[in-house]
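Q: Mapping of the sequence shown onto numbering that gives the first Met the number 0: position 71 corresponds to residue 70, and the numbering continues sequentially without gaps.
No wet-lab data here; the hints were simulated from the structure.
A virtual CB, placed ideally from N, CA and C, is assigned to each residue, including glycine.
Fair warning: there could be bad hints in the mix.
Label pairs and their calculated CB-CB ranges [stated by the list, open to error]:
hint: 1; residue 1: I10; residue 2: N73; range: 17 to 23 Å
hint: 2; residue 1: D134; residue 2: E62; range: 20 to 26 Å
hint: 3; residue 1: E16; residue 2: F67; range: 17 to 23 Å
hint: 4; residue 1: S125; residue 2: E62; range: 31 to 37 Å
hint: 5; residue 1: N81; residue 2: Y52; range: 20 to 26 Å
hint: 6; residue 1: I98; residue 2: N33; range: 38 to 44 Å
hint: 7; residue 1: V55; residue 2: K30; range: 17 to 23 Å
hint: 8; residue 1: A38; residue 2: E86; range: 37 to 43 Å
hint: 9; residue 1: V101; residue 2: E62; range: 17 to 23 Å
hint: 10; residue 1: K137; residue 2: I7; range: 29 to 35 Å
Taking lysine-lysine pairs in the BS3-like style, the calculated list, with each CA pair at most 30 Å apart, reads [to be verified]:
hint: 11; residue 1: K1; residue 2: K47
hint: 12; residue 1: K85; residue 2: K14
hint: 13; residue 1: K137; residue 2: K30
hint: 14; residue 1: K85; residue 2: K8
hint: 15; residue 1: K137; residue 2: K99
hint: 16; residue 1: K99; residue 2: K85
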Amino acid sequence: MKSTIDCIKQIHFLKLEKGDDILNSIVEYSKDNNITSGAVVGIGAVEKACLGYFDVSTKKYLENDFNFFAEILNCTGNIALNELTKEHIAHLHMLIGDIKGVTFGGHVLPGNIISVTGEFVIFETSSELMRNIDDEFKLMLLNI
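Take these sequences, add in the hints, and give me the full structure.
A: Structure representation (structure tokens):
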């Protein structure tokens, strides 16, 4: 295990609106506001969702598309920078529930579209978190 300790610099409250893509909105907001690291939490509702499952054997994300209205029961993750390109990366996982309370979850991929509202909070931290490519999994993992 590796760890680091940081402190909260600012707290950002975001209201995503109908038609907004969750992942793209959080990355763009982070770029526009120079947020280089932080924790993300959110709730709301989607009209469609695209959640991934990382297949360790193929080293690829399998996509699960959900084309129905669902509640965002929880969305959590973090923001960091690509160590080489300084590109903003939001790593999020989300749990959604359908009309009957059946839940689905996974890694947030592009294509999670807000239906009514998305209420997200970014807890911006003081230092920069970096990600770099992991040789074994071929993923951009935190470099702590």
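Q: The structure should be examined with respect to each hint, and the outcome stated for every one.
A: Comparing the hints with the structure gives:
1. I10 / N73: 17 to 23 Å: Since the Cβ atoms of I10 and N73 sit about 18 Å apart, the hinted range of 17 to 23 Å holds.
2. D134 / E62: 20 to 26 Å: At roughly 24 Å between Cβ atoms, E62 and D134 fall inside 20 to 26 Å, so the hint holds.
3. E16 / F67: 17 to 23 Å: Taking Cβ atoms as reference, E16 and F67 lie about 20 Å apart, which means the hint holds.
4. S125 / E62: 31 to 37 Å: 35 Å, holds
5. N81 / Y52: 20 to 26 Å: 23 Å, holds
6. I98 / N33: 38 to 44 Å: 40 Å, holds
7. V55 / K30: 17 to 23 Å: 31 Å, violated
8. A38 / E86: 37 to 43 Å: Violated, since A38 and E86 (Cβ atoms, about 19 Å apart) do not stay within the stated range.
9. V101 / E62: 17 to 23 Å: Hint holds: Cβ distance 19 Å, inside 17 to 23 Å.
10. K137 / I7: 29 to 35 Å: Holds, since K137 and I7 (Cβ atoms, about 32 Å apart) stay within the stated range.
11. K1 / K47: Cα-Cα ~36 Å, so violated.
12. K85 / K14: At roughly 26 Å apart (the allowed maximum being 30 Å), K14 and K85 satisfy the hint.
13. K137 / K30: Cα-Cα ~24 Å, so holds.
14. K85 / K8: Holds. K85 to K8 sits at ~20 Å (cutoff 30 Å).
15. K137 / K99: Violated: K137 and K99 sit about 37 Å apart, past 30 Å.
16. K99 / K85: 42 Å, violated
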